[in-house]
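Asker: Single-letter residue listing:
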Amino acid sequence: METALFTANNIWMMICTGLVFFMHLGFSFLEIGLTRQKNTVNILFKNIFIITVGLLLYYIGGFNLMYPGFEEGDFGFFKFAGFGIAAPEGGMTPEYASGGYTWWTDFLFQGMFAATAATIVSGAVAERIKLQSFFLFTIIYVGLVYPIVGSWQWGGGFLSSLSYGEAEGFYDFAGSTLVHSVGGWAALIAVYLLGPRIGKYTEDGKANAIPGHSLPFTTAGVLILWLGWFGFNGGSVLSADPELTSLTLVTTSLAAAAGGVSAFIVSYLKFKNFDLTMFLNGILGGLVSITAGADQMSPNEAVVIGLLGGVILVFAVSLLDKLLLDDPVGAIAVHLITGIWGTLAVGIFGAMASFDQFVVQLAGVGAAGVFCSVCGFIILFVIKKTMGLRVPRKEELEGLDIHEHGMDAYPDFRLNQH
Amino acid sequence: METALFTANNIWMMICTGLVFFMHLGFSFLEIGLTRQKNTVNILFKNIFIITVGLLLYYIGGFNLMYPGFEEGDFGFFKFAGFGIAAPEGGMTPEYASGGYTWWTDFLFQGMFAATAATIVSGAVAERIKLQSFFLFTIIYVGLVYPIVGSWQWGGGFLSSLSYGEAEGFYDFAGSTLVHSVGGWAALIAVYLLGPRIGKYTEDGKANAIPGHSLPFTTAGVLILWLGWFGFNGGSVLSADPELTSLTLVTTSLAAAAGGVSAFIVSYLKFKNFDLTMFLNGILGGLVSITAGADQMSPNEAVVIGLLGGVILVFAVSLLDKLLLDDPVGAIAVHLITGIWGTLAVGIFGAMASFDQFVVQLAGVGAAGVFCSVCGFIILFVIKKTMGLRVPRKEELEGLDIHEHGMDAYPDFRLNQH
Amino acid sequence: METALFTANNIWMMICTGLVFFMHLGFSFLEIGLTRQKNTVNILFKNIFIITVGLLLYYIGGFNLMYPGFEEGDFGFFKFAGFGIAAPEGGMTPEYASGGYTWWTDFLFQGMFAATAATIVSGAVAERIKLQSFFLFTIIYVGLVYPIVGSWQWGGGFLSSLSYGEAEGFYDFAGSTLVHSVGGWAALIAVYLLGPRIGKYTEDGKANAIPGHSLPFTTAGVLILWLGWFGFNGGSVLSADPELTSLTLVTTSLAAAAGGVSAFIVSYLKFKNFDLTMFLNGILGGLVSITAGADQMSPNEAVVIGLLGGVILVFAVSLLDKLLLDDPVGAIAVHLITGIWGTLAVGIFGAMASFDQFVVQLAGVGAAGVFCSVCGFIILFVIKKTMGLRVPRKEELEGLDIHEHGMDAYPDFRLNQH
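Residue numbers (the numbering used here), protein chains in the order written: chain A, 184 to 601; chain B, 184 to 601; chain C, 184 to 601.
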């Protein structure tokens, strides 16, 4: 491959890396906006922990664990070329990764992905999880579980060659299952083990709304996430191929728009008001829905997948509340439920659609689900029985910010007196 | 054209698409910052509506309406390649659009533009328009009026070949007229039909300041819009041509800086204080001013156009207040008045400057103005007489958030008590 | 060089330009978040002033001052190709700058850098400096001091050829010294001449915490700055060379993550709480630390440099407080102290490490330090003795917003009453 095309490909992948990084601001804004002010510093601290520690863990071992053996004897930790700047043989040339990017770009792009899985959990367990327990969970889950599941497919493992009838291999383009539901399953288990926030459900199982503290931040978060998805899905092409990247951006944006609109309409019909939160979560539902097949769908199919994703989302949010699963930001509905929907949609719509493929997609969903749930349960259960998962009642009532961090999010904020 | 150059061009256009998308966060922040807290959810809802519904409308029909006939028999709705992923013949090759981008990129870039026209209106009518009335207006205006006006020039219609003397064709590089004043004219008509907010003008016609609720959001909005303009103008080159794209970014940024500085100085001389809002609106005025000729001006000319844009802006804001036209965010001054200025400036400065060109520019401004005003008036007048345009007095006083959405923007916000 | 590669390079440099521009939103958010609400408009106004006026100053003369003589007789002001759009001979071709970018891109990228130096000062002097005095200082410092120091190295001046033993030339990849400590030295001098904010230190020299007003803004600011550093360091490669750009993003991100984690751990050990502000400043410390040698380090070395940068930062913050140097946002610790560390680290780690290089790095740090301190002192001392540097006591107590700008940052903000 000529240098110019290699350079262009690598530029695209670096930009996408930056956009996926930027999603961490989106998640932070989304989560603090939907939760109470007294827990804001805590949530921000967790998000900053995830992006810094997550990246370092991926550097220490995750990258190798997820993409083993592309070079002989290359397993191990801290493998990044010793203390010289020598790069691995061929890792900086078009021979690597079909000329789509360099080895460094590969690491960084994948490292940014790794951190997102933990961020998904962060939102669901907000306002009541112990900080150190969350740290420990994140380290194990991002450091081990995420790269192991990822290796099954993107590392060339068994899912990538799972065949059934005429279907050859599970397909998950950018991670409806491998990223979003990996985070979503852990969120589900964590919410189950943690229990709902104080005051969320009445004794007879009715849900009380616990409004957050800033819808402008939530809205900004969702728009930033949508932009970040340009990189999340657009970069998953693994080159700047003009047709595939641009198709991916079109399907991604149309599914986002369609998911928002259907969630807004369904929630209007259901609740008779214009619910901004549902509109925004519908956009995220559309984005997660299209992620597994963003390069396989026509725009028309993307719109249908997004529309259904938005509808599923609204009902999933209600269902989780009926099951007394308290997820302050709707992460389980967005990332797990529409993540499953998006993965299955690859067997229903688009270039790969077939009954056989649907079965393979279902098997992939199941395999990831069982592994993540079991690992998540073991890790979180052990933490619960040893360190404890949940902050004391007094701390939950007064806010985690003051107890765990000794600070308020808006310490000098005051009302205008002029 | 070789693949590498095609790929590079398409990368640039996809990035610009992302940046124009990101402008919707900029508009949202700008608008909520300059308006009262009690209407924040309402404004955010409108902005999210615009970007989602606007994109879907452009997908359903707007794209075709604006760029008709590039392929035989290609009119119609939902034309995006059926339910397979087959792309239109040649649409993914360098043969399409001189190799500047793929057909998918074309659609998405233009779709992001379409939504901005409605966003401009959203700010001007804030704090008093009925939500459903705004929805209906947006659907018609973005779905029909915007693409029709766009087709006159960018779709190869009559404006693009309008000649006078030696001038051959109206010129509007990135949409001072075709986007900004299309939004601006509708904003003007809407503000006229709606009337001012309660309390804005005294009985003897003096304007009261109605301060917004967050200047940090407003400032962030303007900086995000400036960044977004890198894509808005930079992408309007329709390729990554190194000279033209980089010139465009230079003229755009210099005009923004110059517009801000002149507005800040003029408003200081006029009002004797350092008015952040005017500084920020001056930046936007500079940006809109340069948009029509960003690729035709030298940096020196860009600075002059921006400086004058900033001055014009300050006087336009005062003038509108004298006319009792209540525009909470200054959208008419920014997008319509400096949009007209920028369009005319193409006949005064730069490579195309000539008296003949000035006449053609004036004709283009007039044609767009008449069409948009008439269409805008008809749509809004019919809505006013049927559904009504304005919320009831009680709702306006108590805020649209609680009445239309049943929620506050900061429901859990409280002052620090530690 | 072929057109495609030139185009790709230029795209990368334009994106990096946009990212460096976006850092001004990061700085704005960081600074207002860490300071009191009553000074928010003032800080935003200063930041907007810096980016607009800074860019215009660079256009008027800074660019020429910093990069003199690349063309015969090219000194002077307003040199941007008169009022036609003709570009300088060869400036738009691959002959210019080894095909890394066009002359326009060069100007804009460097112009965005110039403004950052002043922004660094802005944070340190916040909450007490007179606005007009800051304006004057900024104009002289950004217009003259910054480009002069820059010319010593990046303009091919004496630092770039300073040799000692086997070391040939000072090395500062992206500006740990040439940007960050240029700002940092001025910040140090300014803080010394201004004195601490009222109430910051007790009579016996103990520091009182003066909490800011919004940690969400501060957190957003740091994440935006991290993203911006993709452009700051990534663009300093001055082309899109796949190996160097991607290595640079990896070292930059790993140093950021490592700096955050070590600052968080050290501050936890020191103060026994999870201090979000220190975590965030640690990230910035890591970023500044790696900036001088981001293209010279392996990822492993980047992690070590970042880790040490985070540790240094925590102790620097304490040290400055002991010296009664009141820096509300930690700018001196972040930009000056870790800037020095990063510059010296080029002599300790990485491809250039040697005792001789260390000596040269030290000499470069010293030269910039002496020049910037002396210039900064003269400018600020003269301003202090003539216009005055500090606002009156009453104004400082009541807030600069109301006195200098006649407005509050959140004029309509109120607590939810529904």
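Be aware that one or more of the hints could be misleading.
Distance ranges between label pairs, derived from CB positions [as the list claims (entries may be wrong)]: (1) B/534 / A/351: 55 to 61 Å; (2) B/501 / C/554: 55 to 61 Å; (3) B/534 / C/506: 36 to 42 Å; (4) A/452 / B/456: 23 to 29 Å; (5) C/272 / B/451: 38 to 44 Å.
Using 20 Å as the maximum straight-line C-alpha spacing, the simulated SDA-like pairs for lysine to any residue come out as follows [as the list claims (entries may be wrong)]: (6) C/389 / C/293; (7) A/455 / B/587; (8) B/577 / C/314; (9) C/455 / A/345; (10) B/455 / C/424; (11) C/383 / A/455; (12) A/577 / B/570; (13) A/453 / B/595; (14) B/453 / C/569; (15) B/455 / C/455; (16) B/455 / C/383; (17) B/455 / C/587; (18) A/383 / B/595; (19) B/453 / C/186; (20) A/455 / B/570; (21) A/455 / B/578; (22) A/383 / B/314; (23) B/455 / C/570; (24) A/453 / B/589; (25) C/453 / A/575; (26) C/455 / A/318; (27) B/453 / C/595; (28) B/453 / C/383; (29) C/453 / A/314; (30) B/453 / C/455; (31) C/455 / A/575; (32) C/453 / A/578; (33) C/455 / A/585; (34) A/455 / B/589; (35) C/567 / A/455; (36) A/577 / B/271; (37) C/453 / A/589; (38) C/568 / A/455; (39) C/455 / A/455; (40) C/455 / A/453.
Just so you know, these hints were derived from the structure itself, not from any lab.
In this text, a Cβ means the ideal position worked out from N, Cα and C, and glycines have one as well.
Asker: For each hint, tell me whether it holds in the structure or not.
Answerer: Tested hints:
The given range of 55 to 61 Å is respected by residue 534 of chain B and residue 351 of chain A, whose C-beta atoms sit roughly 57 Å from each other. For the pair residue 501 of chain B and residue 554 of chain C, the supplied restraint of 55 to 61 Å is violated, since their beta-carbon distance comes to about 46 Å. Between residue 534 of chain B and residue 506 of chain C the CB atoms are about 57 Å apart, so this pair departs from the stated range of 36 to 42 Å. In this structure the supplied range 23 to 29 Å is violated for residue 452 of chain A paired with residue 456 of chain B, their Cβ-Cβ distance being about 50 Å.
Here the CB-CB span from residue 272 of chain C to residue 451 of chain B is close to 41 Å, well matched to the stated 38 to 44 Å. With a C-alpha separation of about 41 Å, the suggested pair residue 389 of chain C and residue 293 of chain C falls outside the 20 Å cut-off, and the hint is violated. Only pairs whose Cα atoms come within 20 Å are accepted, and residue 455 of chain A paired with residue 587 of chain B is accepted, the gap being roughly 10 Å. Restraint check for residue 577 of chain B and residue 314 of chain C: the C-alpha separation of about 42 Å exceeds 20 Å, so the hint is violated.
For the proposed pair residue 455 of chain C and residue 345 of chain A, the alpha carbon gap of about 50 Å is over 20 Å, so the pair is violated. Distance check on the hinted pair: residue 455 of chain B and residue 424 of chain C sit about 51 Å apart at the alpha-carbon level, beyond 20 Å; violated. Taking the CA atoms of residue 383 of chain C and residue 455 of chain A, the gap is about 53 Å. The hint is violated against a cut of 20 Å. Pair hint residue 577 of chain A plus residue 570 of chain B does not hold up; C-alpha atoms about 51 Å apart against a cutoff of 20 Å.
Between residue 453 of chain A and residue 595 of chain B the CA atoms are separated by roughly 25 Å; this puts the pair beyond 20 Å, and the hint is violated. The hinted pair formed by residue 453 of chain B and residue 569 of chain C fails the criterion: a straight-line CA distance of about 26 Å is larger than 20 Å. For the hint pairing residue 455 of chain B with residue 455 of chain C, the CA-to-CA distance comes to about 49 Å; that exceeds 20 Å, so the pair is violated. With a CA separation close to 32 Å, the supplied pair residue 455 of chain B and residue 383 of chain C exceeds the 20 Å bound.
Among the hinted pairs, residue 455 of chain B with residue 587 of chain C is consistent with the structure: their alpha-carbon atoms are about 10 Å apart, no more than 20 Å. Restraint check for residue 383 of chain A and residue 595 of chain B: satisfied, since their Cα atoms lie roughly 15 Å apart, inside the 20 Å limit. Between the alpha carbons of residue 453 of chain B and residue 186 of chain C the distance comes to roughly 51 Å, so the proposed pair goes past 20 Å and is violated. For the hint linking residue 455 of chain A to residue 570 of chain B, the alpha-carbon distance of about 18 Å falls within 20 Å, and the restraint holds.
Annotation: proposed proximity of residue 455 of chain A to residue 578 of chain B holds, straight-line Cα distance about 17 Å (limit 20 Å). Between residue 383 of chain A and residue 314 of chain B the alpha-carbon distance is near 31 Å, which puts this suggested pair outside the 20 Å criterion. Distance hint between residue 455 of chain B and residue 570 of chain C is fulfilled; the C-alpha atoms sit about 18 Å from each other, no more than 20 Å. Pair hint residue 453 of chain A plus residue 589 of chain B holds up; C-alpha atoms about 14 Å apart against a cutoff of 20 Å.
Only pairs whose Cα atoms come within 20 Å are accepted, and residue 453 of chain C paired with residue 575 of chain A is rejected, the gap being roughly 25 Å. Taking the CA atoms of residue 455 of chain C and residue 318 of chain A, the gap is near 16 Å; set against the 20 Å cutoff, the hint holds. At most 20 Å may separate the alpha-carbon atoms for a hinted pair to count; residue 453 of chain B and residue 595 of chain C exceed this at roughly 25 Å. Of the pairs offered as hints, the one joining residue 453 of chain B and residue 383 of chain C is violated, with about 37 Å between alpha carbons and a cut-off of 20 Å exceeded.
Using a Cα cut-off of 20 Å, the hinted pair residue 453 of chain C and residue 314 of chain A holds, with the two alpha carbons roughly 18 Å apart. Of the supplied pair hints, the one linking residue 453 of chain B and residue 455 of chain C is violated, its CA atoms being roughly 54 Å apart against a limit of 20 Å. The hinted pair formed by residue 455 of chain C and residue 575 of chain A meets the criterion: a straight-line CA distance of about 19 Å does not exceed 20 Å. With a C-alpha separation of about 23 Å, the suggested pair residue 453 of chain C and residue 578 of chain A falls outside the 20 Å cut-off, and the hint is violated.
The suggested pairing of residue 455 of chain C with residue 585 of chain A holds, with an alpha-carbon distance near 13 Å, which does not exceed 20 Å. Between residue 455 of chain A and residue 589 of chain B the alpha-carbon distance is near 10 Å, which keeps this suggested pair within the 20 Å criterion. Taking the CA atoms of residue 567 of chain C and residue 455 of chain A, the gap is about 63 Å. The hint is violated against a cut of 20 Å. At roughly 63 Å between alpha-carbon atoms, residue 577 of chain A and residue 271 of chain B are farther apart than 20 Å, so this suggested pair is violated.
This hinted pair checks out: residue 453 of chain C and residue 589 of chain A have alpha carbons roughly 14 Å apart, not beyond 20 Å. Distance hint between residue 568 of chain C and residue 455 of chain A is unfulfilled; the C-alpha atoms sit about 66 Å from each other, more than 20 Å. Taking the CA atoms of residue 455 of chain C and residue 455 of chain A, the gap is near 49 Å; set against the 20 Å cutoff, the hint is violated. Using a Cα cut-off of 20 Å, the hinted pair residue 455 of chain C and residue 453 of chain A is violated, with the two alpha carbons roughly 49 Å apart.
Checked against the numbered hints given earlier, this structure breaks hints 2, 3, 4, 6, 8, 9, 10, 11, 12, 13, 14, 15, 16, 19, 22, 25, 27, 28, 30, 32, 35, 36, 38, 39 and 40; the rest are met.
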